[in-house]
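Sequence order for the protein chains is A and C.
This note's numbering puts the first residue of the first sequence at 10, with every later residue one more than the last.
This note's numbering puts the first residue of the second sequence at 10, with every later residue one more than the last.
The reader is advised that the hints may include incorrect statements.
Copies of the same chain are indistinguishable here, so a pair counts whether it falls within one copy or spans any two.
Taking lysine to any residue and the SDA-like style, the derived pairs with C-alpha atoms no more than 20 Å apart in a straight line are [stated by the list, open to error]:
#1 K168 to D222
#2 K154 to F236
#3 K188 to Q117
#4 K194 to L177
#5 K154 to F57
#6 K193 to L238
#7 K229 to N149
#8 K154 to G233
#9 K36 to I160
#10 K194 to E237
#11 K229 to R184
#12 K194 to D131
#13 K193 to A135
#14 K229 to L182
#15 K229 to Q152
#16 K193 to Y157
#17 K194 to N235
Rather than coming from a laboratory, the hints here were simulated on the basis of the structure.
Number of protein chains: 2
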Amino acid sequence: MPATYDHPRAALTVDCAVFGLDDDGLKVLLIQRGIEPFAGRWALPGGFVHLDETLEQAALRELREETGLERVFLEQLYTFGDPGRDPRERVVTVAYYALVRLGDHTVQAATDARSVAWFATDDLPALAFDHDAILAAALNRLQAKVRYQPIGFELLPPKFSLTQLQRLYETVLERPLDKRNFRKKALALGILQELDEVEQDVAHRAARLYRFDEAAYRQKLADGFNFEL
Amino acid sequence: MPATYDHPRAALTVDCAVFGLDDDGLKVLLIQRGIEPFAGRWALPGGFVHLDETLEQAALRELREETGLERVFLEQLYTFGDPGRDPRERVVTVAYYALVRLGDHTVQAATDARSVAWFATDDLPALAFDHDAILAAALNRLQAKVRYQPIGFELLPPKFSLTQLQRLYETVLERPLDKRNFRKKALALGILQELDEVEQDVAHRAARLYRFDEAAYRQKLADGFNFEL
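So here's chain A without its partners, still in its complex pose (with noise of 0.2 Å):
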């Protein structure tokens, strides 16, 4: 339905950058593009927001529209408005960034997107528009949040032996970190729950399995804590 206002407006978009973790390292999902511009190219899921939906049901409805994913752990990252950004017209994207457990979904092209795909963040093939200026920006993002909100757990799976949990810390942080202090901060915050069972299945001796106890952590919360890994 076409609408006509008194001064023209920015077209308003939103983007998604959804990581997740595998045993290669961090990945991000991208779709390639089925129209112009940039047919062919590689670009962060997204779509106009429509008029009777808040932002982030836009970025839900859209991630699920071109890549099959549903209830995903998603937070608001920054908006990028710079004239110029599509070679179109104005358009402001409202950019999000979403964690998944990899193994929990199963990423399914559809509508305007060709094919869809997880990238090592390391090795990323040329992005369309600013996609990757906002990339980087969720990534800066995701490792100066790991440290001081418990939001990595959104990239593992439910129960986790602590060395995961490390693996986790040096992938997105990309550095190594020393075994022993690592553990010894981790089993402190008093967040983490000692299960009763072992991985399964591997070679190495099976190690003792954690997860992560939301009601200790929002008790802790609540009397002042402050979670730092």
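With chain A's structure known, arrange chain C on it following the hints.
Chain C alone, transformed into the frame defined by chain A:
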């Protein structure tokens, strides 16, 4: 100049939460709206984004036009876009927060602002739109960020005593800090330059003055240092 589009579009605005510090505590700059909706109510300064300016340029322009403020430290905060946040139509606003040295700036209401004034953040009038939520988010961001980035110096005069610095942190964080610990941590950062000057015109014993050493800070950042206070 009217414009017609295939689909209806949201209007795009910017809003600014500008903080300043004086002897009475933390202040925020509000304008009294001269026009509907919410005529007569206090609100954050802001307005519509022009198609040929960046979002940050729009925020700086609106601040200048509505309040006379210029050359402020400004960072993007969050984008608020719930349908219904503006009674007229769908309006998405990119919120910014700014920090100023109160003594350096005089403010002057203009354009569609009836008046402009500094309000104590702990004694605010009812605000227009969802500006109470935007202001709460800005305060949260300031509290979180002041500990991990040296942005607080933007609120202080160029030369300050350690007591002034501690008071800034106590005011922003809303809790008392141990004097000896705070001074030790602040000086250990290695980014405060001790000056050969003391306070002027004070009733108590004049304290040594310091300044934030931007060059030392940049060098330390490059060396992998993490600011924390």
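Checked hints:
Taking CA atoms no more than 20 Å apart as the test, K168 paired with D222 passes inside one copy only; the shortest distance there is 11 Å, against 46 Å between copies. When the C-alpha separation of K154 and F236 is checked against a cutoff of 20 Å, the pair qualifies both within a copy, at 10 Å, and between copies, at 15 Å. Taking CA atoms no more than 20 Å apart as the test, K188 paired with Q117 passes in neither setting, with 38 Å inside one copy and 58 Å between copies. Taking the shortest Cα distances, K194 and L177 sit within 20 Å of each other inside one copy (15 Å), while across copies they are farther apart (30 Å).
For the identical chains of this complex, K154 and F57 are neighbours neither inside a copy (28 Å) nor across copies (32 Å), given an alpha-carbon limit of 20 Å. With identical chains, the CA atoms of K193 and L238 are at most 20 Å apart within one copy only, with a shortest distance of 10 Å there and 23 Å across copies. Taking the shortest alpha-carbon separations for K229 and N149, only the inter-copy value of 19 Å comes in at or below 20 Å, while the best intra-copy value is 27 Å. In this assembly of identical chains, the alpha carbons of K154 and G233 lie at most 20 Å apart whether taken from the same copy (18 Å) or from different copies (17 Å).
In this assembly of identical chains, K36 and I160 lie within 20 Å of each other by CA distance solely inside one copy; the values are 16 Å within and 33 Å between copies. In the homo-oligomer, the alpha carbons of K194 and E237 lie at most 20 Å apart both inside one protomer (8 Å) and across protomers (18 Å), since each shortest distance falls under that limit. For the identical chains of this complex, K229 and R184 are inter-copy neighbours only, at 18 Å across copies versus 28 Å inside a copy, given an alpha-carbon limit of 20 Å. In this homomeric assembly, K194 and D131 never come within 20 Å of each other (Cα to Cα): the closest approach is 28 Å inside a single copy and 36 Å across copies.
When the C-alpha separation of K193 and A135 is checked against a cutoff of 20 Å, the pair qualifies neither within a copy, at 41 Å, nor between copies, at 48 Å. For the identical chains of this complex, K229 and L182 are inter-copy neighbours only, at 19 Å across copies versus 25 Å inside a copy, given an alpha-carbon limit of 20 Å. Within a single copy, K229 and Q152 get their C-alpha atoms only as close as 23 Å, which misses the 20 Å cut-off; across copies the closest is 19 Å, which meets it. For the homomeric pair K193 and Y157, the shortest alpha-carbon distance inside one copy (17 Å) is at most 20 Å, but the shortest distance between copies (23 Å) is not.
For the identical chains of this complex, K194 and N235 are neighbours both inside a copy (13 Å) and across copies (18 Å), given an alpha-carbon limit of 20 Å.
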